[in-house]
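A.B. asks: Generate coordinates for the entire structure from the input sequences, incorporating the hints supplied.
Protein chains: 2
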Amino acid sequence: MKQIFKTFAVIAAVAIFGTQNLYAAIKCQYVDASTLTVINKAQENNPVLQRLDPNKYEMPKGIRNSMKLSTGIAVLFTTDSRNIHAKWKTISKRSCNNNMTPIFHSGLDLYIRENGKWFFAGVARPKINGSNEHEFTVVKRMAEGKKECMLYLPMFNGVSSLEIGIDEGATIEPLASPFKHRIFFVGSSITHGASACRPGASYVARIGRILNAETPNIGVSGQCKLNDFYADIVCDSKADAFIFDTFSNSTAKIIDERVYNFVKRVAGAHPNTPLIFLQTLKRDIGHFDLASRKRNDDQRAAAEKWMKQICKEFKNVHFINHAFELGDDGEGTIDGTHLNDLGVQRTIENLVPKMKKILKKYGIK
Amino acid sequence: MKQIFKTFAVIAAVAIFGTQNLYAAIKCQYVDASTLTVINKAQENNPVLQRLDPNKYEMPKGIRNSMKLSTGIAVLFTTDSRNIHAKWKTISKRSCNNNMTPIFHSGLDLYIRENGKWFFAGVARPKINGSNEHEFTVVKRMAEGKKECMLYLPMFNGVSSLEIGIDEGATIEPLASPFKHRIFFVGSSITHGASACRPGASYVARIGRILNAETPNIGVSGQCKLNDFYADIVCDSKADAFIFDTFSNSTAKIIDERVYNFVKRVAGAHPNTPLIFLQTLKRDIGHFDLASRKRNDDQRAAAEKWMKQICKEFKNVHFINHAFELGDDGEGTIDGTHLNDLGVQRTIENLVPKMKKILKKYGIK
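So the protein lines, in turn, are chains C and A.
Going by this note's numbering, the letters in the first sequence line up with residues 1 to 365, in that order.
Going by this note's numbering, the letters in the second sequence line up with residues 1 to 365, in that order.
Among these hints, one or two may not hold up.
Intra- or inter-copy, both count: the list cannot distinguish identical chains.
What the hints assert, rightly or not - In silico DSS-like pairs for lysine-lysine, Cα to Cα no more than 25 Å straight-line:
{"id": "1", "residue 1": "K93", "residue 2": "K127"}
{"id": "2", "residue 1": "K180", "residue 2": "K61"}
{"id": "3", "residue 1": "K117", "residue 2": "K282"}
{"id": "4", "residue 1": "K27", "residue 2": "K225"}
{"id": "5", "residue 1": "K117", "residue 2": "K294"}
{"id": "6", "residue 1": "K308", "residue 2": "K282"}
{"id": "7", "residue 1": "K117", "residue 2": "K308"}
{"id": "8", "residue 1": "K146", "residue 2": "K294"}
Bear in mind the hints are in silico, worked out from the structure with no lab data behind them.
C.D. replies: Shown next as structure tokens:
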């Protein structure tokens with residue numbers, strides 16, 4: 001009788017909630033993600049699901065809030081569960097921006113490692129009705145056996161709690177980070193990830209999987225202007241390499257005023273670590289918008305001029321002058337500025353070989 | 001004094017609203033888009049910004065509502081304005097789904113033709129606060145001179161009104177459709193466009209620009225199951241070719257039961273027009289989800305079996321067995337099912353040559 005009731009309850013739950021909630025009706029057990037392995041934090045002592053603790057630094061409130069997001073953070077675990085669920089609470093009730101999907105902004109993205117390669121497994125979709133409490137089955141009905149999992153967290157929201165659900169009787173345990181390197185990204189909205197379709201599809205996350213590296217990401221939308229506090233963060237942080245997308249938000253004037261001292265400071269703190277500066281992209285919006293084109297041309301010219309000179313002075317500073325490659329067909333962005341998944345792919349194909357060449361000189365391969 | 005006040009008003013408006021509303025503060029004139037050229041409607045007598053008038057057909061309410069969307073519709077005009085604005089009202093206040101951006105769901109996407117080629121110019125971002133009244137500057141500060149413009153409408157919303165704004169004193173007039181062909185698309189959410197980043201980036205819109213064709217699009221999310229009413233619509237519609245993504249939402253059982261009669265009907269109405277059926281994609285979600293994989297394998301096997309036989313019987317029916325190509329790296333979708341912009345690009349590169357080869361036989365090139 002008990003079994004019949006249980007079956008009826010499941011059928012009723014499916015009828016009422018749809019298959020999505022089937023696994024919520026079947027008993028599953030939840031574990032707090034903070035007890036698993038959390039990677040890609042900028043600094044070791046950061047709050048657990050937060051990319052950086054900004055309280056140590058002087059910065060405007062907007063940037064401070066942005067540093068509290070879960071951008072780039074991933075949770076590593078091993079489980080033999082055939083289904084994987086997630087319940088998570090986001091800091092903001094807003095789950096999208098105009099030029100990004102809710103899955104990218106506030107959702108989760110799971111990869112599973114097979115034969116040494118990470119492969120996409122499923123996403124968890126956030127609510128879009130103004131609630132900040134989310135629940136979703138990330139992947140279901142998998143084959144039996146242990147799986148090594150990496151769950152990427154929201155790119156433009158913070159996560160105040162995350163529970164991972166597995167089938168009753170299954171096991172879950174922390175997976176020690178299998179990544180060999182640590183490559184730290186500083187940058188604009190483009191490095192923040194806009195506008196890949198989901199967290200694991202951002203150019204930073206993809207480079208991490210390709211180069212076998214953890215990839216802390218402190219890209220901040222619209223606000224990366226060679227400020228002192230970014231230099232402070234870099235000076236305080238540890239990595240095998242640092243990547244700088246510091247020219248996308250900086251005008252030519254800002255570059256003229258700040259870039260030399262910025263580089264001097266970070267090179268002083270990391271004299272033997274590769275510091276790779278990326279030229280900003282040639283924006284498609286400038287194809288017709290002449291004022292945007294002028295601003296973009298000027299910032300690119302200033303970056304090129306300064307970096308050529310700077311690279312002569314600092315032996316471990318590198319400049320990649322063709323970094324973000326969107327193609328010439330106008331199809332690589334969502335809005336003329338932010339890479340869509342095609343723009344990400346073209347960037348990966350162009351940038352990774354150049355990065356590898358530099359990193360190899362430092363024994364990073 | 002009047003000029004000074006005007007300048008002050010503009011500065012104040014910029015201070016209060018930001019540059020986005022600068023052009024709303026500068027006087028501009030609006031024209032009703034329905035007085036311009038509207039292309040890609042399924043049938044000539046459809047309501048002006050609607051892809052199809054569903055009232056002629058028997059269909060479930062959800063599909064009926066979907067047919068009223070502005071999916072695929074574009075407005076053609078010529079203007080010498082240096083700035084282009086838009087005010088539009090959407091039918092639904094909801095401006096995104098979980099796996100799509102608001103710009104794609106409810107926004108506008110402008111292309112301008114240069115030397116015979118359409119190039120992306122800018123997007124209009126919808127509100128995401130629950131309002132259905134939207135206003136945005138699509139592109140600004142362009143060079144002087146006449147521009148041929150194509151403005152794509154929302155993919156997952158309807159548009160009850162659309163006004164296009166140009167600089168005071170500038171002219172705007174309908175642009176006669178320069179497209180040589182008319183290729184009509186029937187299909188699932190994938191044909192509906194999910195999950196390209198913006199309306200003009202959908203695989204259907206991109207194929208239209210590449211093949212110089214108007215592209216009516218009656219793709220309906222989750223609901224294209226070889227139903228009689230789809231056959232009715234195709235029988236009643238005119239095109240140089242019809243493309244069918246009819247297997248993505250159909251189970252093997254549905255394909256077994258319906259495909260032969262569906263093809264017989266549409267081939268009977270269009271005996272000399274190429275009718276190209278696309279195999280459904282191999283879904284990445286099936287990489288780990290075994291039940292999804294089985295369902296997907298079964299539908300693909302049923303489609304292939306039936307279409308091989310059907311193509312022998314109907315000389316103008318064609319089957320492309322490798323149509324949607326997502327690559328083998330798992331990076332071509334947002335959720336394991338719906339193409340992101342990388343999946344669209346890979347599909348375009350694979351599908352267009354195959355389509356061209358078939359269309360050439362019918363003198364369509």
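A.B. asks: Run the structure past the numbered hints and jot down the numbers of the failing ones, going up.
C.D. replies: 2, 4, 7
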